[in-house]
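Residue numbers (the UniProt record's numbering), protein chains in the order written: chain A, 1 to 245; chain B, 1 to 245.
Calculated directly from the structure, the hints in this document are not laboratory data. For clarity, every value in this text was computed on a predicted model and none was experimentally measured. Mixed in with the good hints, there may be bad ones.
Identical chains blur together in the list; that is why a pair holds if it fits in one copy or across any two.
[To be verified] Lysine to aspartate or glutamate pairs mimicking EDC-like chemistry, simulated, CA-CA at most 20 Å apart:
{"#": "1", "residue 1": "19", "residue 2": "166"}
{"#": "2", "residue 1": "79", "residue 2": "16"}
{"#": "3", "residue 1": "204", "residue 2": "53"}
{"#": "4", "residue 1": "204", "residue 2": "103"}
There are 2 protein chains.
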Amino acid sequence: MESLARGLAVLRCFAEQQKPMTVAQASGATGLSRASVRRCLHTLTQLGYAVQEGPHYMLRPKALALGYAYLSSSTLVAKAQPILEQLRDELHESCSLGVIEEDEVYYVARAESSRIISIALRPGSRLPLYATSMGRVLLAGLSREDREAYLRRTRLVPLTPHTITDRGRLDTVLTRVAEEGFALVDQELEIGLRSVAVPVFGRKGVAASINIGTQADRIAATDLRVRFLPALRRASRDLSAMGSF
Amino acid sequence: MESLARGLAVLRCFAEQQKPMTVAQASGATGLSRASVRRCLHTLTQLGYAVQEGPHYMLRPKALALGYAYLSSSTLVAKAQPILEQLRDELHESCSLGVIEEDEVYYVARAESSRIISIALRPGSRLPLYATSMGRVLLAGLSREDREAYLRRTRLVPLTPHTITDRGRLDTVLTRVAEEGFALVDQELEIGLRSVAVPVFGRKGVAASINIGTQADRIAATDLRVRFLPALRRASRDLSAMGSF
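Just chain A, same shape as in the assembly (with noise of 0.2 Å):
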């Protein structure tokens, strides 16, 4: 099964480099041997997922099939998708739903407000958990331990002036997040985004985030909290106790 594994690495790579690669370029990225990597590119070629053009290979739409996959046989994701289109109509504000993988928290569906400035995120975007209010929701939902061991693996980066890179100081913040329910970040993961998130209960505590994201100098944070906010919990308990997740 030890092809599967470098296949999967191989075509994930093409993601985190966002452009066509030599095989020369893969074998850097994966820390695979060129070898190797040509022998996955060849199937990956064969199977219809990847073209070759000249000394490049890119993917084919039909590697998309894969990440649908997960978004078709999700049954959060199709029970969350027409709560988050509600939302985005009622506030006019993107809206998503985010859960816990692998230190990231993972966009896996979202409604998108048809405004000029958006905001690029889609389901598949992924995002660190610290400076983000899904994140610090999800984090925030962890059990002591796990809580405590996310903070020491994990480097926080000042990705802003404002992102908290104090692990005594984060630790604070999500403990009240865990008491009230609700996490508001203030420009720490990008200058002029704020966005405010809550838990999605499943039968084993927090199973995912919903949150809005607006910008700093059209909304103010006290809108977040009393005007969107409100809207916000109610779709979350809506979502809650469709169970089970």
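For this one, chain A is given, so just place chain B on it according to the hints.
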């Protein structure tokens, strides 16, 4: 490299079945032996792409990253997204980009309108070529030989009472689509759905198609032609001019 092929087949069958599956069900869906499916699911679970709950396996969000690999590495998708969004903001209707892949149209980018009744399509969705506006534009862009081969091997299913199921008639329609440079499909895929599509040109002819999909009870076919088609053509020219696809 056979285990890579088998593993990808197992991943994809989750998309087709749209639910958690047992080893026996996945074996039935893929035609692979149970032992083989069990080994694949074991590896996928170890790698974090799947999770076992009782006798059932389901995919994890990490599988999304595989589809995202195509989206984030595709020049066409990157260039099309802002153009689709602009078109959506102008017309207040959902706009999509599709490509031909294994006798289907694959949605690879989409800008959704914020209507309450929305059409459940997203990147990764696949639809039959013969009954969709993008599909007909893509078929019309094929060589005479490829078009004939497609018509020979494809069963034209009457998806609604309006679906063209006669090979000769479809062939005539495709010739007109090629001449006029657009396809208008009126409730042949689903009752209530009307759409118009135009080609996007790459170095080797028709590289993709963009369309606008609307509800038939809201937008008349004449509107699609008179109001939407010129905007769609403009967007297609902009995108085609960006090459190189």
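Going down the list of hints, with the structure as the test:
no. : hint        : verdict
1   : 19 <-> 166  : neither (35 Å within a copy, 42 Å between copies)
2   : 79 <-> 16   : between (29 Å within a copy, 18 Å between copies)
3   : 204 <-> 53  : between (48 Å within a copy, 13 Å between copies)
4   : 204 <-> 103 : within (18 Å within a copy, 43 Å between copies)
Consistency with the previously given hints fails for number 1 only.
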